[in-house]
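Asker: As a plain string of letters, each chain reads:
Number of protein chains: 2
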Amino acid sequence: MFYNSDDIFALDNVRKAKFINSLGGFKSINLIGTINKNNQSNLAIFNSIVHIGANPPLIGFFTRPNSVERHTLQNILETRYYTFNHINKKIYEKAHQTSARYDASISEFDEVGLTAEFKNDFKAPFVQESIVQIGIAFKQKIDIEINSTILIIGEIVQVVFPKECLCADGYLDIEKSETITGSGLDSYHTTARLERLSYAKPDINLTTIPIKYVE
Amino acid sequence: MFYNSDDIFALDNVRKAKFINSLGGFKSINLIGTINKNNQSNLAIFNSIVHIGANPPLIGFFTRPNSVERHTLQNILETRYYTFNHINKKIYEKAHQTSARYDASISEFDEVGLTAEFKNDFKAPFVQESIVQIGIAFKQKIDIEINSTILIIGEIVQVVFPKECLCADGYLDIEKSETITGSGLDSYHTTARLERLSYAKPDINLTTIPIKYVE
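Read top to bottom, the protein sequences are chains A and B.
Anchor point for the first sequence: position 80 equals 110 in the numbering used here, and the numbering is continuous, going up by one each time.
Anchor point for the second sequence: position 211 equals 241 in the numbering used here, and the numbering is continuous, going up by one each time.
The following block holds chain A by itself, in its conformation from the complex:
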């Protein structure tokens, strides 16, 4: 089947959102935990998360502007710290429910039944039920003028993860940690590894990298 620009523009907005959101491939999904200056916690699912760089360790996500009420964005700009929390099979329904439009005075943690965990002297709440938890310091806000979205870039300053998921070469086995992925706006998927492949060089055959955890 073939769609060109005219076919895409002819779709109604809901259908267009569902279709276009499916096209990039499977998505990184995380729960973002924040707190405002009055110590009110907020939790929201995001599916537009992207690796920006390893050195320094930077991660980004896209959000709509503050003109609509966006507690996550507002809290990050207010308090400068936030958390990414991987989503697993046990909590994906609660994670999805955080996307409902709750009032600012309501904590999504309480509403959906997830536990705000304050630890390691970190200002923002982690999700206790998440198996991989990441503490992030806000670094930069970039306005994407073409469609009025915003890219938020932060530096990874804390990582909590199960030791048995860490490979000897640094790779973290996020399948073993039960992290799931998403597609479109509302579909959730577990994964099954095909294999890890060796660093590619011209004229050299690829080999499988065996999964070898740290001792």
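Among the hints, erroneous ones may be present.
For identical chains, the list gives no copy identity; a pair is met inside one copy or between any two copies.
[As the list claims (entries may be wrong)] The calculated DMTMM-like cross-link candidates involving lysine to aspartate or glutamate, where the alpha carbons are at most 25 Å apart (straight line), are: (1) Lys153 to Asp37; (2) Lys169 to Glu108; (3) Lys242 to Asp37; (4) Lys206 to Asp42; (5) Lys119 to Glu208; (6) Lys119 to Glu225; (7) Lys153 to Glu141; (8) Lys169 to Glu147; (9) Lys120 to Glu159; (10) Lys171 to Glu185; (11) Lys120 to Glu205; (12) Lys206 to Glu225; (13) Lys231 to Asp133; (14) Lys242 to Asp42; (15) Lys206 to Asp37; (16) Lys231 to Glu141; (17) Lys46 to Glu185; (18) Lys169 to Asp42; (19) Lys231 to Glu123; (20) Lys119 to Glu205; (21) Lys206 to Glu123; (22) Lys231 to Asp140; (23) Lys169 to Asp37; (24) Lys46 to Asp151.
Keep in mind the hints are simulated off the structure, nothing from the lab.
Starting from the structure of chain A, add chain B where the hints point.
Answerer: Then chain B, alone, in the frame of chain A:
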């Protein structure tokens, strides 16, 4: 296990790259097809792809700067059109092999054994073996000064996909189209759907959205 900034900075660069690249979650991976002004084709795998917006339909990816030789970036800026091609189980090894540093005069299509497909009056080559193919028009280059990476944003102007994967509500079932996902720098994974969940509203229980394809 707990890493803070000091622990992360203490990792050697290869280990740090593998670890940090694992943290965002499962990744959108695509083969990006381009052509230069002399009609030399290029193909490269990218794992930093992100949905930017549905209306207009925008998609982005991050790349390193042109100071290192980056044929994909150079070609996009030269010819303004490029393709995203989903990766499936049959071609992921060939897709991974495109990350080797081939000379600019070499087409990765030929080297790895994938087929450049020119069609629909589109300037850039699609990957014939990809089941979902997307034609994109370059819109904006944003320099991320914090680590000298570049965000390339394009508008989706063509989509080729199997009709039997399109749901009645606009969702494209990219699991049925055999699209796979990645984690870290080198791990490839198939997926298994848990479920699609209804639009979340406060105080309303979520329900499963049944997968219903167009007639």
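Asker: All hints, please: hold or fail.
Answerer: Quick rundown of the hints versus the structure:
Taking the shortest Cα distances, Lys153 and Asp37 sit within 25 Å of each other only across copies (19 Å), while inside one copy they are farther apart (47 Å). In this assembly of identical chains, the alpha carbons of Lys169 and Glu108 lie at most 25 Å apart only when taken from the same copy (13 Å versus 32 Å across copies). In this homomeric assembly, Lys242 and Asp37 come within 25 Å of each other (Cα to Cα) only across copies, at 21 Å, whereas the closest approach inside a single copy is 48 Å. In this assembly of identical chains, Lys206 and Asp42 lie within 25 Å of each other by CA distance solely across copies; the values are 24 Å between and 40 Å within a copy.
Taking the shortest Cα distances, Lys119 and Glu208 sit within 25 Å of each other both inside one copy (7 Å) and across copies (21 Å). For the identical chains of this complex, Lys119 and Glu225 are neighbours both inside a copy (22 Å) and across copies (11 Å), given an alpha-carbon limit of 25 Å. For the homomeric pair Lys153 and Glu141, the shortest alpha-carbon distance inside one copy (21 Å) is at most 25 Å, but the shortest distance between copies (50 Å) is not. Taking the closest pair of Cα atoms, Lys169 and Glu147 come within 25 Å of each other only inside a single copy of the chain (23 Å); across copies the shortest separation is 42 Å, beyond that limit.
In this assembly of identical chains, the alpha carbons of Lys120 and Glu159 lie at most 25 Å apart only when taken from the same copy (8 Å versus 36 Å across copies). For a Cα distance limit of 25 Å, the shortest separation of Lys171 from Glu185 qualifies both inside one copy, at 12 Å, and across copies, at 22 Å. When the C-alpha separation of Lys120 and Glu205 is checked against a cutoff of 25 Å, the pair qualifies both within a copy, at 14 Å, and between copies, at 21 Å. Taking the closest pair of Cα atoms, Lys206 and Glu225 come within 25 Å of each other both inside a single copy (13 Å) and across two copies (20 Å).
Within a single copy, Lys231 and Asp133 get their C-alpha atoms only as close as 53 Å, which misses the 25 Å cut-off; across copies the closest is 12 Å, which meets it. Proximity of Lys242 and Asp42 under a CA criterion of 25 Å is satisfied inter-copy only: 18 Å between copies versus 49 Å inside one chain copy. In the homo-oligomer, the alpha carbons of Lys206 and Asp37 lie at most 25 Å apart only across protomers (22 Å), although the nearest pairing inside one protomer, at 41 Å, exceeds that limit. For the identical chains of this complex, Lys231 and Glu141 are inter-copy neighbours only, at 11 Å across copies versus 51 Å inside a copy, given an alpha-carbon limit of 25 Å.
Taking the shortest alpha-carbon separations for Lys46 and Glu185, only the inter-copy value of 14 Å comes in at or below 25 Å, while the best intra-copy value is 33 Å. For a Cα distance limit of 25 Å, the shortest separation of Lys169 from Asp42 across copies, 23 Å, qualifies, whereas the shortest one inside one copy, 37 Å, does not. Taking identical chains as interchangeable, the C-alpha atoms of Lys231 and Glu123 lie at most 25 Å apart only when they sit on different chains, with a minimum of 13 Å there against 42 Å within one chain. Within a single copy, Lys119 and Glu205 get their C-alpha atoms as close as 11 Å, and across copies as close as 17 Å, so both meet the 25 Å cut-off.
Proximity of Lys206 and Glu123 under a CA criterion of 25 Å is satisfied in both settings, with 20 Å inside one chain copy and 22 Å between copies. In this assembly of identical chains, the alpha carbons of Lys231 and Asp140 lie at most 25 Å apart only when taken from different copies (15 Å versus 51 Å within one copy). For a Cα distance limit of 25 Å, the shortest separation of Lys169 from Asp37 across copies, 20 Å, qualifies, whereas the shortest one inside one copy, 39 Å, does not. Only between protomers do Lys46 and Asp151 lie at most 25 Å apart by alpha-carbon distance; the minimum there is 24 Å, versus 43 Å within a single protomer.
When each numbered hint is compared with the structure, no violation occurs for any of them.
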